[in-house]
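These two chains come separately, so use the hints to put the complex back together.
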Amino acid sequence: MALLDVSQVSKRFPGVLALDQVRLQVGPKGGQGEVHALLGENGAGKSTLIKILSAAHAADEGTVTFDGQPLDPRDTPLRRQQLGIATIYQEFNLFPELSVAENMYLGREPKRLGLIDWRRLRADARALLEALGLPLDPDEPVRRLTVAEQQMVEIAKAMTLNARLIIMDEPTAALSSREVDGLHAIIAGLKARGVSVIYVSHRLAEVKAMCDRYTVMRDGRWVASGDVAEVEVADMVRLMVGRHVEFVRRVRSGPPGRVVLKVESVTPRRPRLSTPGYLKDIRLEVRAGEIVGLAGLVGAGRTDLARLIFGADAIASGSIHLDDKPLKLRSPRDAIRAGVMLVPEDRKQQGCFLDHSIRHNLSLPSLGPLSRFGQWVDERAERDLVETYRQKLRIKMADQETPIGKLSGGNQQKVLLGRSMALAPRVLIVDEPTRGIDIGAKAEVHQVLSDLAAQGVAIVVISSELAEVMAVSDRIIVFREGAIVADLEADAATEEGLMAYMATGAGRPSPSGMELRPQ
Amino acid sequence: MTASPTLSPEPTVQQAAPPQPAPPPGRRFDLLAFARKHRTILFLLLLIAAFGIVNERFLTIRNALNILSEVSIYGIIAVGMTYVILIGGIDVAVGSLLAFASLAAAYVITTVVGESPVSWLIALTLSSVVGLVGGYIHGKAVTWLHVPAFIVTLGGMTVWRGATLILNDGGPISGFDAAYRWWGTGDILFVPVPVAVFALVAIVGHVVLRYTRYGRQVYAVGGNAEAARLSGVNVDFIVTSVYAVIGALAGLSGFLLSARLGSAEAVAGTGYELRVIASVVIGGASLTGGSGGVGGTILGALLIGVLSNGLVIMHVTSYFQQVVIGLIIVAAVAFDHYARTHKA
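Residue numbers (numbering that gives the first Met the number 0), protein chains in the order written: chain C, 0 to 518; chain U, 0 to 343.
In isolation and in its complexed conformation, chain U is listed as follows (with noise of 0.2 Å):
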């Protein structure tokens, strides 16, 4: 990149034969490709530097594993999510559904189970579940009833939410014991357990859609559901299953929140549609399905949790702090148009 734009000879050859057809070729365009390629990683690398110099606080080993034990919470579902929104999905559900499949769980390890060394365990198992099976709720609706998945999942934001609140009269369940309590506030190897119930997720997450079958079906449905349902791809099937998926995921994310807090809450996980959504989206993948990815997916989650942090230890309060986000989720949608619109 050592040529800059002004100084490449391409638009001068331009302006003196105006109707040449081919764009022009090399640097000015790499450059180009490459800022498009890797926007997000260097937009979180700018941001990173920026905070580092501006608050010394910021750049410390402690601040950088709180800023991911944060992000682990909803990257987990974020890694779901990328399945969603790679078939042209959505899922605005999932924060209710982790509150309603946690409180479950922990609903039924106080008063059913009573203490048991492998409490953690039951509760691990069941939340999952329950998200599991009410995430198959949602892709039934979407397959068989023919509802948009707005919808569904817009009807079981409140519908789980509702679910929650009846459950405890509203209250939160806690008084778990320490086996329970690791998986939110322990570590391996300095690694915070969330963090590394994270990158397991990441890791299956990115290999089960880059190296296999069901992977490329993912996103033979979302590029084109027709061709694929022609191509003898069980179309309702994915469907389902990612929705299931994320669903389970979900689950797993609210039992992981209930161990790192002490307690699950009814209120656990509100909002956290627009951060899984946004960070899918800012990881580049297109809301109309077919082109994204699990990496993406992971530096969209970084960024807003590198961006929230930032902003509280400069004082910015979290109202300013949702204000930023949304701006930038819709700079970075307005950006992937723009890239689909100008491909060279």
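Chain C extracted, bound-state conformation (with noise of 0.2 Å):
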């Protein structure tokens, strides 16, 4: 009998079926633990079926036994925790001022008269980490570190409560090859004491080396389970990708103009990664008139390079070209003078301020030029301002003063996008520019931005929803670990392909799929 059987789930968020009768079983065999890779492209309902697991979210129907023993959906999560249940989040649970011994324990610290009994603590975590073979010290504090070592604490964690089921999201994303090695080492000592683990990941080469089953979700949905050894990397590709949302695919309205934007092996000073070549030997040109579509997965170094580009974080070398000018950089100030505009991946953070009116958020970077002596601001030009890009851009919004914090997510980013407009800009890099809106606001967004690009503005966008990348784009760079693995004509790709090389490198998965082909 399977560990977990999750039958029929289903889960609802305002607007959207997140999860629409989901089914997985992961169960040991034979005494050892089973490593069952869970595979989708984003947005496909991983995370929500994981959130279900354990426990941040309530499933609406369905049922999930663990154990033998049905769940409760109005279970916490400390509770699953108990039961056996381990989730290990992209963004660790951790207490950087607490050794790993404390992180380990927390809240359960051996006690002796009421007061934490360090000794035992101490002696505790210290055979715990050499029993699962984790080269940690457990008197050193978390914050000193290294990605791959707090992975390690989150699984000695999750090991003091015995754990049966170990829950990965992306464990490998922010790791590097060798340590990638290291954490597939430890997930085998685990599975030889029985405990079983779901392997989120999109990168297909280790769920081929290391798992044992795979489940496939698409558009959450469902869509197939089976042995790993029975499928190849090009079968997982092909069953993860084809999602059915349909987007009108632009149409060029003519041939692309001169270059514009011209960047040279750009490189951060401080690399966000520490991965060997990250972000190196970066070459992108963009054309007048062109969408470049940047495809990768998240953390692949699309965000990084539009930072660099825009001022927002600093260059340690390299060149960015704006007509043929080089362009010094210090701040985000100087790319928007030059005629360069960012919109930002994450709306609530970087873009909007939420308490403040719609006509502040448009107009705040072009107040320069609304300004008599470019400090008095002229109230009448600001509102005409708004107004015209209400128009342009059909935001639905009471009237102008209204926080922004209160509309939708589609107009909250059709204000970014009026932001941006404004400055006539002749560069414009857009991230993530439809995440968490919906599908009508969507294509809106998408016309907007091929109306641009008709009016000579040289675009970049970043998605990691393929379908969007290939709908907007003339032109798809394919970003894999810091590089980029492929230059296509958007005419050119498939969504196979795409997925193939973000998730290999290679255009045409091959068994190992590790071989990189040459641009």
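Everything labelled a hint here was simulated from the structure, so no lab data went into it.
Quick reminder that beta carbons are idealized off the backbone N, C-alpha and C, glycines included.
Careful, some of the hints might be misleading.
[Unchecked claim] Not everything, but these chain C residues come out facing chain U in the computed CB check (under 8 Å): (1) Pro-331; (2) Arg-332; (3) Leu-341; (4) Pro-343; (5) Gln-348; (6) Cys-351; (7) His-355; (8) Leu-363; (9) Pro-364; (10) Gly-367; (11) Ser-370; (12) Gln-374; (13) Val-376.
In structure tokens:
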């Protein structure tokens, strides 16, 4: 009998059916744990399913049994942990100032006379770390550990509760290849102890190398399950892609103009990842009137590159040319002055002033030209500007003084697009322009981008939704682990092809999925 | 506001259909919103009426001008503090910087310049410039060294006070001429000079905040510093300039205070940081930044002034006054939090 049996689980959020009759079986075989790959594109519903298993969400329908016992949907996350289901999210739940041992036993420290028995705490932690083969010092504060080591702490913490199922969400997204090998050795050890693992990853070569079984989800539905040994990477890709959201494919208004933006080998002063080769030797050219889509998995370096081009992060070396003139960027202010604009990926944290009015949100970077003597804001001209973009972008709002936080995500995004458009940029970079907005608004945003291109703006679109990249782009550049692995005309691209590049770095996935095709 | 809350029909409707999600619109909500919006002025009027009834000496022109003169000295700094709190910062060094700037200016005109018909002008300028430079240093420490503003100005608070004591061995400096003293004791068409200066500072402060690009950028930095940066705002400049401005205003206020008292004192401005921050917070500004305004701050400053004056007239000891003002600050912030978490 399976250890975990998810049957016909559905979950609805306002406006979306996130999970639709999903099933999943993970079970130990012959005393050994099973490593089960959970696969699917962004938005396929994997995260929602994980959250239901860890009790961060409650399912609306369906049953989940664990070790033969049906799970109560009203369980708290703590209760699930006590039952033996541990979840390791990409963002770790650790306390940086506390030691490894303290983190492992937080809230469950061994006590003596009502006080924490520090000696036993350390001894227990040390014994468990040794048994799991984790090279960690129990007294080390967690903030001094690398990402890979922090992950080990999470695993050790799960094992203090005798977890029998550990869910790992993209566990290798932030690891170097040597660290990935280390993690796989640890997982093999867990398996030998009878612990099962749900392994969520886009890296199909890894899945092929170390998982026993797989389940593929797409658009919130179960698509397929089976033995990893019996499928090729290409088969998995085929099962994952082909989402059935239809976008209108962009029609180019004419041939692209001259090169407007030229990026050569820019490297960040503070790389987010220490992987060798991360964001080195990136070459990118965008022409007037052209939309270039950057495809790739989350963390592949697309956002980091965009922030470098916009001056939001400091550049260590390399050059950026705008209209053949070199750009010296010390801050986004310099980029905006030169005619480069970015619509950031995180609308709420990086884009909106949520409590401030739509008017103030939209006009902020344009206030210079709107002001007499550069300071005295001409409010009539400002209102006219906002009104222009309300009409142009069809922003649904009561009036200009409404706080932007009261708008829907799609309308917020339109205000931010208006903010950028009002500056009449030469280059516009939009990062995840339609994340979390409804399908109608998505199509409208796509149309706006297409119109801007027709006016000669050079546009870069970063999107994790393949259907979107394919619909809006003229040319698609695929990023993987901080490098460009493909540069193709959108007409020549297929979802399978792009997914294969994103997941393995190679166009036609080979069984090992490890070969890199030179550009 | 004819219908009293208990008589309005909405609660009955809600009882009949509990799952109805929309909050009941209508007068009941409007009254609450009105009270919420004008809470400071309502409380101020209430307070004035109460003191006026209890004591006949309270509601006189003479006393009103007296209150206004008192309020003006810290009210000037409170205008600057509005900017500081709007960007999500704080400045607890203003009282010490006030003392240092005014004593340094007084020191220069008495020992270096000697008798001069424009000694007041030199002192006014010098005091403001010293304050400006002091505030600029605070701002640079915040933006360059990334030390939290509270810590920077907490350090500044004792540094400037210590420097003031070193400057003249803790003693006061007096012996200003009539032109100098006019700035503290004179009047323009019956309006005390400090009150006129406060009015001017408040008007400029309000206009800059409300009508200029700089003012918009101040709000933007406090509302979301990262979004402001990505919108091309020079966040470091805004932050530094705001601390420099409050420093200059502390220096100006110190000059007026020394003119009013007839001497520059090393202990001048002690406890002002509390009054000034309280004025801004009671005036409805959010300590997390991004919302508030000069209008509210003026009401907050008046409220504190009326309260302390009224309590003095009622022969309440200054010890007890401190307790009352402290409680009012906490109540104001608690109300602010309540108003923001129960946004209808």
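Structure-based check of each hint:
A distance limit of 8 Å between C-beta atoms decides the matter here; for C:Pro-331 the minimum to chain U is near 5 Å, and the interface restraint holds. With a least beta-carbon distance of about 4 Å to chain U, the hint placing C:Arg-332 at the interface is held under the 8 Å criterion. A cut of 8 Å between beta carbons decides the hint on C:Leu-341: the least distance to chain U is about 7 Å, and the hint holds. Because the smallest distance between the Cβ of C:Pro-343 and any Cβ of chain U comes to about 6 Å, under 8 Å, the interface hint for this residue holds.
About 7 Å separates the beta-carbon of C:Gln-348 from the nearest beta-carbon of chain U, less than 8 Å, and the hint is met. Annotation: interface hint on C:Cys-351 holds; nearest CB of chain U at approximately 6 Å, less than 8 Å. Because the closest C-beta pair between C:His-355 and chain U is about 5 Å apart, less than 8 Å, the hint holds. The closest approach between the C-beta of C:Leu-363 and any C-beta of chain U is roughly 5 Å, which is under the 8 Å cut-off, so the hint is satisfied.
Contact between C:Pro-364 and chain U, as hinted, is supported at the beta carbon level, the nearest pair being about 5 Å apart and thus within 8 Å. Interface hint status for C:Gly-367: upheld, as the beta-carbon distance to the closest one in chain U is roughly 7 Å, under 8 Å. Hint on C:Ser-370 holds. Least Cβ distance to chain U is approximately 5 Å, under the 8 Å limit. Hint status for C:Gln-374: holds, given a least beta-carbon distance of 5 Å to chain U, under 8 Å.
Hint status for C:Val-376: holds, given a least beta-carbon distance of 6 Å to chain U, under 8 Å.
Hint compliance for this structure: every hint is met.
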